[in-house]
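Please take these sequences and the hints and turn them into a complete structure.
Protein chains: 2
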Amino acid sequence: MPVEAVRYAEGAIELIDQTRLPGEFVLKRIEDLEALCEAIRVLRVRGAPAIGVAAAYGFRLEAERFLREGGDKIEALRQRMLRTGETLAATRPTARNLFTTVERMTRVAQAPANHTRDLVARIARETDAIHAEDRALCEAIARHGAELLPQSARVLTHCNAGALATGGIGTALGVVYAAVRQGKVVQVFADETRPLLQGARLTAWELEKSGVPVTLLCDNAAASLLAQRDIDCVVVGADRIARNGDTANKIGTLAVAIAARRFAVPFYVAAPSTTFDLALSTGAEIPIEQRPAEEVAAGFGRATAPAGVAVFNPAFDVTPSDLIAAIIHEGGVVRPPYERTIPDSLAQLNVEDPLARARSSPAAEE
Amino acid sequence: MPVEAVRYAEGAIELIDQTRLPGEFVLKRIEDLEALCEAIRVLRVRGAPAIGVAAAYGFRLEAERFLREGGDKIEALRQRMLRTGETLAATRPTARNLFTTVERMTRVAQAPANHTRDLVARIARETDAIHAEDRALCEAIARHGAELLPQSARVLTHCNAGALATGGIGTALGVVYAAVRQGKVVQVFADETRPLLQGARLTAWELEKSGVPVTLLCDNAAASLLAQRDIDCVVVGADRIARNGDTANKIGTLAVAIAARRFAVPFYVAAPSTTFDLALSTGAEIPIEQRPAEEVAAGFGRATAPAGVAVFNPAFDVTPSDLIAAIIHEGGVVRPPYERTIPDSLAQLNVEDPLARARSSPAAEE
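Residue numbers (this note's numbering), protein chains in the order written: chain A, 1 to 366; chain B, 367 to 732.
Honestly, the hints are just simulated from the structure, not real lab data. Since this is a predicted model, take the numbers as computed values, not measurements. Backbone N, C-alpha and C define an ideal beta-carbon position, used for all residues, glycine too. Treat each hint with caution, since some may be false.
[Unchecked claim] Chain B is nowhere near these chain A residues, computed Cβ spacing over 10 Å in every case: (1) Met1; (2) Thr91; (3) Ala111; (4) Pro336; (5) Glu339; (6) Ala347.
[Said to hold, decoys possible] Some but not every residue of chain A turned toward chain B, in silico, with C-beta under 10 Å: (7) Ala190; (8) Thr193; (9) Leu197; (10) Ala204; (11) Pro213; (12) Cys218; (13) Asn220; (14) Ala222; (15) Leu254; (16) Arg261; (17) Val296; (18) Val309; (19) Ala310; (20) Asp317.
So this is what it looks like as structure tokens:
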């Protein structure tokens, strides 16, 4: 069954180094904050939820190291946690879970405590909770989403919203894994996802590793595939969702959504409720990270374009909500009109206890 | 100004070796038929019109060599020209212009003549005519297309329909070059065009070399660029156009056309009249070549996907004509309803004399 992208073991974070896939399966051991930030920046760990879980463990690394180095002043630990949060928050601008984790861990670090050791233990427990919640969120999303797939399903996906992108079985691919567990026959079509080829390197890899049939295609062939009218639905993840349902996700998602609409194929977004940002009224307010030209111009280890060519390389695009047939979160399946259904469905969740929320989600579906 | 993909100079063919681009600019000097066939086979020269012109010069090479070697029997020269045609025709199976050239040169070689020297001169003149016609076709298409561009234009293109693909200034990129000559300020956005990256390797290179500002993007970022609403139009080439205007072109063209429609950006096709196939009533009748999995899964000398993964890799897609704002050929700009305007506009062309047709094209525009 699905692989594990991030775990904490023996005072270190272990990551599947996603920059080495699919050629090599390398477990990268991360022992300090600098290495973690580097890993986030260069995408050894990627996917908003996986980054959120890894970032939580970053606080734990630093807190446990503080103890090992003989630190005993609570105020010093708190300062270190604040700096840890600032450092982590500066790694990547778009992933919402990163900021949620930073806020949450910072809050725990500032709570009253008698001893540094107690505070470190509380920090450690909080990281375990964040990871467990993410696993439970994936399971709940997957269960709801799997209901949308027919008994024999051909699913198109973009980028990697799988086990490699989360602390659990994934969101978009979680839907696939859950449908397979329910006995459905699922075939996945995976866009390669230029420039960093997460679809080719990661989605194809983790699906094959899990025994799910997968067919790879260039991003620009998805429209042609949809035009053949034998794709049942598109399922993708999300990096950030505005109050009206506009969804930021990996560059290329918008093109798939537009083509899916043209050929009347339902387009689904699967993401935890933490991906929603109700402070943003529309997707126009979502900041889009521009990435280095080299990813496009020299992406396969050799120059594929003239030296110094100008490059347009946004990391994400925004899919307008009118193209989205449904958004699946841990509370259930949300359909238009999103302006009403998104706030309502989120309000039904117990926002104080996301783990309980994920566990009780079948009830929330109604 | 635009580069020259093919030329004949001092008894040899000079090609820009496109397999060395964009890393190196190598002019390959071709002095015999074997070298020319190799160049066509390994894509040192590519693009149907450019192959057609290069093949014509192949006959001239062989004919002039025949004279230099002291040949004086007309029948021997004719036999040599027949063998040249057979050898060239066996290099690549699809390029239509190659076969047109072979038929035409063979016909000239079989025409009555008193001396070998006269026949060689006639062969040389025919190669010049073939090249001149291709240049004139490009110029006529370019001139018509350039009228569609505003004074300051931002143009999105896909694949390479440029000087490197033809004997002249190209079709889609010819439109850009002509607009620049008219004093317009043109900025081009070039899709990299997976899997073989003709946009990154060739389009970006030839535009830079010609001093036209170019920005490279991944195919999947085109929708995002179009969503920003500061692209004035899309211009692409075509491999085959059905009677109703449905257009087969490089894979990925369809996705761009669908996105352009969504964001109300006009989508233009630029191609010579020889690209139309009136025997096909719609694009559904255009056969689509499937290409090897390795182009996607292991392009550029390293594996980018798990070994043996299934791959969907069509070479072309078909853009339905309802997405095409206009088709530009050497006779002018054709707009819907294409069922009527395409046959009418082609009937107005003097199909017996393509060179005269191209020269008189401003009149044909009305």
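Supplied contact hint for A:Ala204, tested at 10 Å Cβ to chain B: holds, 5 Å
Outside-interface status for A:Thr91 - nearest CB in chain B farther than 10 Å: Holds, since 23 Å exceeds 10 Å.
Given hint A:Val296 near chain B, where the shortest CB pair must fall under 10 Å: Cβ of A:Val296 sits 6 Å from chain B, so the hint holds.
Assertion that A:Met1 lies farther than 10 Å from chain B (Cβ): Label holds. Min Cβ-Cβ 17 Å, cutoff 10 Å.
Proposed interface contact between A:Cys218 and chain B, which counts if any beta carbon pair is under 10 Å: With a minimum Cβ separation of about 4 Å from chain B (threshold 10 Å), the hint on A:Cys218 holds.
Hint check, A:Asn220 versus chain B [nearest Cβ-Cβ separation less than 10 Å]: Interface hint status for A:Asn220: holds (3 Å vs cutoff 10 Å).
Outside-interface status for A:Glu339 - nearest CB in chain B farther than 10 Å: Non-interface label on A:Glu339 holds, nearest chain B Cβ at 21 Å vs cutoff 10 Å.
Supplied contact hint for A:Leu254, tested at 10 Å Cβ to chain B: For A:Leu254, the interface hint holds, since the closest Cβ of chain B sits about 4 Å away, which is under 10 Å.
Closest C-beta approach of A:Leu197 to chain B relative to 10 Å, hint status: holds, 5 Å
Assertion that A:Ala111 lies outside the chain B interface [Cβ separation over 10 Å]: Its Cβ never comes within 10 Å of chain B, the nearest being 42 Å, so this holds.
Status of the hint placing A:Asp317 at chain B (closest C-beta pair under 10 Å): This hint holds: A:Asp317 lies near chain B, its Cβ roughly 4 Å from the closest one there, short of 10 Å.
Hint check: 10 Å Cβ-Cβ cutoff, A:Ala222 to chain B: holds, 7 Å
When the structure is compared with the earlier hints, no violation turns up for any of them.
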